Structures are given as C-alpha cells and as structure tokens.
Amino acid sequence: MQHIRAHVLVCGGTACKSSGSQKVRDAFARYLEEYKLQDEVMLVETGCHGFCEHGPLVIVYPEGTFYCRVTADDVKEIVEQHLYKGRIVERLLYREPLTQEQVPNYDEIGFYKKQHRIVLANCGEIDPENVGEYIAVGGYEALGKALTQMSPEQVVEEVKKSGLRGRGGGGFPTGLKWQFAKASVSDKKYVICNADEGDPGAFMDRSVLEGDPHRVLEGMAICGYAIGADEGYIYVRAEYPLAIKRLRVAIAQAEEAGLLGKNIFGSGFDFTIHIKEGAGAFVCGEETALMASIEGKRGMPRPRPPFPAVSGLWGKPTNINNVETFANVAQIINNGAEWYSRFGTEKSKGTKVFALTGKINNTGLAEVPMGITMREIIYDIGGGITNGKKFKAVQIGGPSGGCLPESMLDLPVDYDSLIAAGAMMGSGGLVVMDEDTCMVDVAKFFLTFTQSESCGKCTPCREGTKRMLEILTRITEGEGREGDIELLESLAENIKATALCGLGQSAPNPVLSTLRYFRHEYEEHIKNKRCPAGACEKMLSYVIGDDCKGCTKCARNCPVQAISGAVKQKHVIDQSKCIKCGACMAGCPFKAITKG
Amino acid sequence: MTTVNLTINGQPVQAPAGTSILEAARQAGIYIPTLCYHPELRPEGACRLCMVEASGSRGLAAACVYPVAEGMVVKTNTAKVREARRTVVELLLTNHPKDCLCCQKSGDCELQKIAADLGVRKLRFEGGERKSHAIDDSNPSLVRDQEKCVLCGRCIRMCRDVQGMDVYSFARRGFNTIVTPAFGLGLGQAACSLCGQCSTVCPTAAIVEKDDTDKVWDALSDPDKFVIVQTAPSVRVALGEELALPSGSVVTGKMVAALKQLGFDKVFDTDFSADLTIMEEGHEFLHRLQNGGVLPMITSCSPGWVNMIELKYPELLPHLSTAKSPQGMFGAIAKTYFAQKAGIDPAKIVSVSVMPCTAKKAEAARPQLCDSGYRDVDIVITTRELGRMIRSAGIDFAALAEADFDSPLGYGTGAGVIFGTTGGVMEAALRTVADVVAGQSLPKVEYHEVRGMEETREATLDIAGTEVKIAVVHTLAAAKKMLERIKAGEADYHFIEVMACPGGCIGGGGQPVPVDASVRRLRREALFDCDEASVIRKSHENPDIIALYKEFLGEPLGEKAHHLLHTTYQAQRR
Chain A
181 MQHIRAHVLV CGGTACKSSG SQKVRDAFAR YLEEYKLQDE VMLVETGCHG FCEHGPLVIV
241 YPEGTFYCRV TADDVKEIVE QHLYKGRIVE RLLYREPLTQ EQVPNYDEIG FYKKQHRIVL
301 ANCGEIDPEN VGEYIAVGGY EALGKALTQM SPEQVVEEVK KSGLRGRGGG GFPTGLKWQF
361 AKASVSDKKY VICNADEGDP GAFMDRSVLE GDPHRVLEGM AICGYAIGAD EGYIYVRAEY
421 PLAIKRLRVA IAQAEEAGLL GKNIFGSGFD FTIHIKEGAG AFVCGEETAL MASIEGKRGM
481 PRPRPPFPAV SGLWGKPTNI NNVETFANVA QIINNGAEWY SRFGTEKSKG TKVFALTGKI
541 NNTGLAEVPM GITMREIIYD IGGGITNGKK FKAVQIGGPS GGCLPESMLD LPVDYDSLIA
601 AGAMMGSGGL VVMDEDTCMV DVAKFFLTFT QSESCGKCTP CREGTKRMLE ILTRITEGEG
661 REGDIELLES LAENIKATAL CGLGQSAPNP VLSTLRYFRH EYEEHIKNKR CPAGACEKML
721 SYVIGDDCKG CTKCARNCPV QAISGAVKQK HVIDQSKCIK CGACMAGCPF KAITKG
Chain B
718 MTTVNLTING QPVQAPAGTS ILEAARQAGI YIPTLCYHPE LRPEGACRLC MVEASGSRGL
778 AAACVYPVAE GMVVKTNTAK VREARRTVVE LLLTNHPKDC LCCQKSGDCE LQKIAADLGV
838 RKLRFEGGER KSHAIDDSNP SLVRDQEKCV LCGRCIRMCR DVQGMDVYSF ARRGFNTIVT
898 PAFGLGLGQA ACSLCGQCST VCPTAAIVEK DDTDKVWDAL SDPDKFVIVQ TAPSVRVALG
958 EELALPSGSV VTGKMVAALK QLGFDKVFDT DFSADLTIME EGHEFLHRLQ NGGVLPMITS
1018 CSPGWVNMIE LKYPELLPHL STAKSPQGMF GAIAKTYFAQ KAGIDPAKIV SVSVMPCTAK
1078 KAEAARPQLC DSGYRDVDIV ITTRELGRMI RSAGIDFAAL AEADFDSPLG YGTGAGVIFG
1138 TTGGVMEAAL RTVADVVAGQ SLPKVEYHEV RGMEETREAT LDIAGTEVKI AVVHTLAAAK
1198 KMLERIKAGE ADYHFIEVMA CPGGCIGGGG QPVPVDASVR RLRREALFDC DEASVIRKSH
1258 ENPDIIALYK EFLGEPLGEK AHHLLHTTYQ AQRR
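If you read the protein sequences in the order shown, they are chains A and B. Residue numbering for the first sequence follows this note's numbering, starting at 181 and increasing by one per position. Residue numbering for the second sequence follows this note's numbering, starting at 718 and increasing by one per position.
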C-alpha cells in the first residue's frame, strides 16, 4: 500500500498560472521523480488561494508551509531541502509587509488570519478537476441530504432562515427569490448561474469556478430541487477559459458519478447543467439581458415586472443567482441555517469574498465575515497601502458602486451600511486608492466604462452618461465651468431615477459618491484649474525651483527638448513644449523639480 | 379578468389586472407623453419619457410597461416627473439635428410636439458630440436619416412583429447604438418589402417616404406635358387628415378639385382600374378553377406583398394572380386607350398616381410595367405627399367646392372603392364572379363573410352551386404564416386575398400619421359608406369598363388584355 507522507499543492489559479505556476508544477514532477519521492509525496494542482500578489504559490503539507513567488528554478531546492531533508527553505517564506517578519505557516499569515472561508473553503485545498477530492471533503453531501431527507419547501425554508442574500450585488434575499420561483406554476423551470463577472478588478467568481466548480454545481442542483427545475445554465464569460474548462470537466465527472443527470441519488430528481459562454458585454450580467443572450438575442435588458421568477428564460419561471450565492448553499444545507446565520450582522449574514486591488500591498481574494470594517480589510488583511503612501479612498461595488473616504474606514461592511454611505456591496471588487489618485479622474474612469458598456436601449443611460462623461472630461482638462457640479448632480439624479436597468440606474454612483466625499477636488479643478492629486495631465505643469544647480541632466533627459538653460544656471521648462512625461523630475538629483 | 382599483392624480380609476399604468391613464383621459410606446406594438419601456410616480416602484416607473395594482397610487405630474421627462427630451434633442424648420416631418414630429408640450427651452448639455450619419436613400421608397433617429425601436418592432420582415435591428452599444439592417447594409440592399410601415410609426423624420413632389411640380409646370393623375381608393378617406379634417372624412370631391387647382390636365380614379382588375382577376380565377390551374390563387394588387413573396417565397409565385394591380392597369390603359381616344401623343403624357403606399413607387418602376410602350406610370406620390402639395399651393382645402373626376377613366363602382380595405378585393371579386357564374345579376351585393379586421379570415361560399373556400389575410407576418401553410399543404383554399399593410391600403405605409386601429376603423367605415352610396356596386356593371372592352380590349383574358393588363413575377435577391 502506498503511503503518502506529504502533499505539495501548486496553485493553478489564473493569476498564478500567468506568473508561471505551470512550469513550477512540471518542475516538481520532474524533481520528485529525480529524488524518487513520487510515491510518497503527492503533487496536486489546486485552484486559487487568493493571495495572488505573491504567486506562484506552493504549500507543503502536513506542515502547511507557505512558499511565495516560487519559480521553476526554486523547485529543486524545495524538493531537496524541504521534502528530502526536512529543512524549510526560508528565503521563499512570506514576510509581513509591516514587520518584515517571516511567517512559515499558511494560517498564521496576516492575510489569512482574519478571513473566514466558507465559499473559498476548498479553493487551493483540493484538485478542482477531481470530483473524488470534492467528495472527500464532504462534497455532494448537501445535495444528498436535500434530496433524501428534505422536502423542497424545507430547502427553501432553510435558505430563507440562513439570511443569505444575493452576492451578485443587489443583495436580494436568496430564499425569498427561490420561494417566488417555486410558487410559479409551470411545466418547465430553469436555474441560471450568473458567472458573467464583469466589474473592473473583480475575480471572485472566476476563482470559485476555477478552484471549486462542484460547489457551484451542487448549489444549482439543490436550487433546482427546491424550485422544481430540471435544467440549469451557467452563463460564464468566454474570457474565463480555465473556469469553463474546469466546469466542463466537473459537469462530465458529476454526470458520470450520477450526481447530475437523471434520477439523482435514486430520488427521481433530474437535473442537467449547460454552459453558455458570454461574449463579454458587461450588461449581460443584468439578469434580463443575460437571459436574452442565452436565447440568442442581443443582450438588452427588459423592464421588470415580470420578474424572472414569473417569466424568465424562454418565458418560463427562472431563478438566477450569482456564483458566490450558489457556492454558499451546500454549507447552509449541511450545517444548517442557524450555523450560517451566526456569521455576519443582523441583516447581512455569512461571509463575502472581496477582490483586493489597487494601491494595496496584498492584492488578492479575501473572504471575510460580513460586518468587518473596511479598515480591517485594507490594513489587517490587505497589508496597507503600497510604498508607504497615504490612503485616500476605496472604491467598492464596481462601476455601480461608490468611493468611500478615510472617514468611512470604520464602516461595517454590510449591504445596508454601504448603501447608506453611497456605495454598494456589488459583486465584491475593492479598489484601493492612495493620495496620488484624483477622484474626478476616478469618476471619469468608471463613467467611461459604463458609458461604453451601456446597451443603448434607454435614453438616460445612452445619452445621459455620455453627457456626464463629457462634463467630467472637461473638468479634468481644465475646461470646467461654473455650474458643472450642479449639472452633474441634476443629470445623475435623473439617470438614477429613470434608467431602465441596474446598470443605468447605478451608473452615476461613482460621480455622486465622489461629489459627496471629495467635492472640494471638483471645485479645485473648476475654480483654480488645479488637480490636487497632480494626476490630471492636462492641468499639470512641471516647474524647476530654486534648488536647481544647473546640472543640465533634466535638459538631457527631456525627450522633446522643452528644457533650456546654461550650465550652472537655473533651467526653465517651456510649458508649450512639455508633454508631461515626468522624466525631468524623476531624474533630478537635487529634487528641484515639482509638479502641480 | 379581475379588475383593480387605483388612483391616478387623485382620481379613482378601475382597470383590468395586467393593464399598464399608461393604458389605464389614457382610458381615464390622463395624457402621459411617450415616444417608444405605440398602441399597436409590444411596449419596450426604452425611451423613459412616460415616467410616473407609482407606489410600490423603486424610483420612477415607466408607465407603458408598469402594470397597475390594487390600491396603487399614481402621480403623473409631479415636479420630479416633470424634471425627469424634460431631461429625457433635453438629452434626445442634444443629440438631434436642430433643422426642425426645414424637416420633412415638421408639424407631424412627435419629438417636436413633446418638446413643445413639456416646455423644453434650454439645452444644458449642448456642445458635446452629436451622432453623424450619411442619409440612406438607397431604397426606392424610403429614406433614412439616422441623425434623426431617437432609437425608440418602433420600426424594429413593426417590421419584425407585425410585418415579419425583420429588416431592422439594433447594433453597436451605448452612445454609438444605431438601428440598421443586417451587416450595416443600406435599406435598398436589405430584404425590405418597401411596405413603409416603419415610416408610419417612426416618431421623427428618421424614416420617411421618398419625396417625389418636386418631380410632379416639374411636370405640372412643363407646358409640353399632358399631366394626368389617378387617385387610389383609400386616398379619399385619409387625405383629409393631412388637411386638418377629422379621420374618416370622405373628401373625394375636394380632392379632385384640389388636384385640378394644382394644374393636372385630367384627374382620374384608380377605382376605375380596380374594376378592371376585378374583370381580369375574376376571370383568371374562374379559368384556374375550371381548368385545373394553380390554386389557391392569391391577389397581387399589394406591391409590398408581391415584394415579400418574390423575396422570401419565390417557389410560390405561380399562386399569384397575373393580373396587374389597379395602378399598373391604369398606367397601361392611360397611355394607350385614353391617349388614342383623346388624340394625345402618349410620349407627352406624364402619368402620376396618388397612392396610400410607399411600395407603389417601386412597383411603377418595375421593368414589366411598360406595356404601353412607355413607362406606364411615371411618378408615384403618397397621400402624405399630396397633402404637402396642397398645403404648399395655399389651397384652402376645407372651403373647396367639390368637383367630379374626368372621363373616361374616372368612374369607379362601389366594388372598386372597397379595394382600399382588407377583404375589399375579395368582396369585389365575389360580386363579379358570382354573377358571371350564375349568368345573371344576383341580388346579393355585400359579402359580410369576408369583412372584419382579424389578421386571417376565412369563409366557404356557395357560388352558384360551386363551393368556394376563400381566405383574407392582412399584414405580412400573417401572410407569411399563410404561405407556410400553403407550403405544408394545409391550406385548401381556392382564392386568397393578401394585403401587406394592417387593415389594407387604409393603413398603408404612405397614409397620414399618426395611425392606429381606431383611425383605420374610421377610414374603413368611410370606404364602405362610399360603396353604399354608389349607384353601381359591381365592377362588371361599370359602363366605362364595358365600353373599354367593347371599344378596345375585347374579352377579359383576351390577347390585348393579356398584353396590357397581366404581368410576370420573378424572385428578388437582396
């Protein structure tokens, strides 16, 4: 009999793969063989661990040693030192950014300490392409329990009691949604998993699908049983090839194991799942547009009511939930609603996965209990701001969300607090910005996004966001006019009140929230033609101050010969020629050049 | 169906469950402005002009798609609603040309009216980008100016859902969204039936009929030309709407007087050639019936319909009657029989027709239609264009004394006039066929079996002892269904009438706008009034038709008739 004494887990998430984890995995296979360890050390390619900043990641069990930024060249050393001789390779261990302390073990790392992993429990722990590993950690037990021990009513009731709310952004109570779909009488119903993750910087759903696809399939099947549907679709964007591949593998394995398909667990319940690849239109994440897209039509939202629970895909009652929502279901059924509702706040139960990006040390995925403060996420888990800069704002909720300032850092992160603060949970993208970020420019960035992703159907979104963008553009170019802020506010409020779908209704949020918290920045741009963050290129000018020694370095660095001056004389920048590349300032040995 | 109680602006209103707020409000006499909504199309809730405050709705609700509910409180005229609507109009106008004063749709433009009604006085967002497109005049009947398109999507829904042609769709995203035929083709390259229904629902001048009035003015002012005009049956019951008269006004005499004032040398009636069509088509039907010809025979007077079958079902073309449309027959007779009789060189005749139809412009240009040795019909204008000509000539239409059509092509029977409505061609044909088969003038004139407004109607009639199964179809979507049934061998009719437009020519693509079911009903009733008021109500009893056969054509289906009055069809590839 084979005795496995150690496991080597190599992260096979998209981020680690793009930084070379495939080569690392291949190197392990080669050296394990070379050192004749292949029969006692098991090599596993897992899904995403979430700590993407430090990938490719390798974890060695049973110790739980966490190696960061491993390259193929490091593998021989790990095999020889750690696996063969039992010595940890210290130089590859993680260092806490604030203390520089080396942390050998996975669960002692600050990034993981405050996390609570329900959705991501298996991500990075199991081989996502092996249904056996999912079953070994309790997979499909919940489906079995639902089908053999619970009535559909009980399943709906359990999900309702758990307090689970939609993780796609809206936060609608999931159990209630299921109840509506269940109540609709029809010969045919559908379950749809919305995996059209499109917010800039968000990759929670992708990681779940890549790291633990069966969990999503199981959640969908339980939903199908609860509402009386026998068919499901996963609408996943075609830009997620790894997720699609692993989903296909998972569906095939589940069907072969009798966990999907006809007469599951001998219960008489049938459930099949199809994959529909989306072509990348952001608006197809809106549920009615998504259904139109599955039907082969142009992805344009339609007014609700009727809601999908009454008339959805092909006109049949349909329940649509997001990936993360479905990923919570099995745990709720297994451990009970009461267990689940212990996590989180009174009205926002459970955990939420966030994608940390921007000017933050630990970019990656973090799953935290609802109600945790923004400060804990950014500083304790995220490791603070990069390069020791000052925190300025955090953008939450993607293009539909808002920007929160430092004064809101102690805000508990839950659905209702965020809405009250002018942001929203959204799908879970968190973009951290430092003092060098111009908030008008940020608003412009998100408006550019929503404006180009608008489907063009309704007037306020199609025409209104365009005009808002034009106003923002002129403000950032120093052409802002007195009254522009009021114009933006008026337009924003009208678009919110009149747009057809969630995309349009929330498109003004980045503008409204930056106006709410950073109004002075807008005013500076308009009244004094100045960008306080020094980010708006058109308003920027580089100036050589009195510290100039006339060394001529800046003049030589300038790519457009905009700088003149005699040796040992103070130099001058010709603003009409300057292209604002910043090469002069970066190269000045005397720090005599400032921008403003 | 259950009824729900709600209040709109404090007024208690009852409406069936499932009714939209907009419909409930309009029934209660409360006007809510709309652009993308059209009473005959499925509502889309796209333009966001019909926003109202409704209890139970997050934000404002789009009245056209939001269903009423028990106890709902609706407010249609609050400060918030007014501001929202004004902003929508302001945004549309900002991205719209400001050439209203010289726009073809000026005065009939819904956007213009709404902007005026809402009191939009200032455009706060001017100075930004405005869409820029070349005008598409590649289609023989219709002109598209996308800069005037407000993307309401009515044309898309009309073309797809009512006409089944599906020529238009949305393309591109966001601010760059356009309405376009597939692959960005021009409308002239698209598989368009030219029915012009899109132009009747377009709220602005983004889709309009090709304006041929200048050609008519040029002919009228040319002293060397002898300019004659024919007017289609349904024009007389719709033209009044162009000239500030109520829908359903019969303006035959005033129309003739106006045409004479405009300077036409002779004013004739397409009713006359409609009677001629019945003579030929009726006899063709009997011939097919008695000699094992291709059945069901289908009428061919609606050119939108002919385009559709040539485009989509060329394999079924043998079912089409070879008889030309009344416009085509008139053209051939005018430059032969009339020219000879009046002693006018046909080369000098300019034959103008006034039609309810945009497709007639292209019909007149068909290569087949020059059997007189000349182009049988030279210029086709629609009812809307005639209205503009009369207005531009400064004619006080309401005050005109009625005048009579000229002879010999100016007298039509009651059977000819009902050509203008769905079922009318069938009824006119039955009146003649029954008499011909019976060999005597039967007392039965009216065939109520074929009247009605259902998209597809059918009846089995006893024609002098022979059982004849007929069907009447209008709208191209319904026609497509019928053709599919014929292909599947499920349509055992002998004779089918098809008209492309909803309601037939009274709802034609060249008729005055706005139009809806109630307007079409009034026009239709007016046509039947004309029929009832006619002394002669059967085509074969028209004395001028009898004279035409006696003096010139010989027999129906005879050699001369075959040459001048029948045509051929061929598959169209676009």
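Just so you know, the hints here were simulated from the structure itself, not pulled from any lab data. Among the hints, erroneous ones may be present.
[Said to hold, decoys possible] Short, incomplete list of chain A residues facing chain B, as computed with Cβ under 7 Å:
| id | residue |
| --- | --- |
| 1 | Ala472 |
| 2 | Gly476 |
| 3 | Lys477 |
| 4 | Arg478 |
| 5 | Pro483 |
| 6 | Thr628 |
| 7 | Ser632 |
| 8 | Cys638 |
| 9 | Glu650 |
| 10 | Arg654 |
| 11 | Gly658 |
[What the hints assert, rightly or not] Sample of chain A residues at the chain B side, in silico, Cβ under 7 Å:
| id | residue |
| --- | --- |
| 12 | Lys456 |
| 13 | Gly460 |
| 14 | Gln631 |
| 15 | Ser634 |
| 16 | Gly636 |
| 17 | Pro640 |
| 18 | Lys733 |
| 19 | Asp754 |
| 20 | Ser756 |
| 21 | Lys757 |
A quick note: this is a predicted structure, and the numbers were derived from the prediction, not measured. Built from N, CA and C at the ideal position, the CB exists for glycine as well.
Evaluation of the provided hints:
no. : hint   : verdict
1   : Ala472 : 12 Å, violated
2   : Gly476 : 13 Å, violated
3   : Lys477 : 10 Å, violated
4   : Arg478 : 6 Å, holds
5   : Pro483 : 4 Å, holds
6   : Thr628 : 10 Å, violated
7   : Ser632 : 6 Å, holds
8   : Cys638 : 5 Å, holds
9   : Glu650 : 4 Å, holds
10  : Arg654 : 9 Å, violated
11  : Gly658 : 16 Å, violated
12  : Lys456 : 20 Å, violated
13  : Gly460 : 11 Å, violated
14  : Gln631 : 6 Å, holds
15  : Ser634 : 4 Å, holds
16  : Gly636 : 3 Å, holds
17  : Pro640 : 6 Å, holds
18  : Lys733 : 43 Å, violated
19  : Asp754 : 31 Å, violated
20  : Ser756 : 25 Å, violated
21  : Lys757 : 29 Å, violated
Comparing the model with each earlier hint shows violations of hints 1, 2, 3, 6, 10, 11, 12, 13, 18, 19, 20, 21; every other hint is respected.
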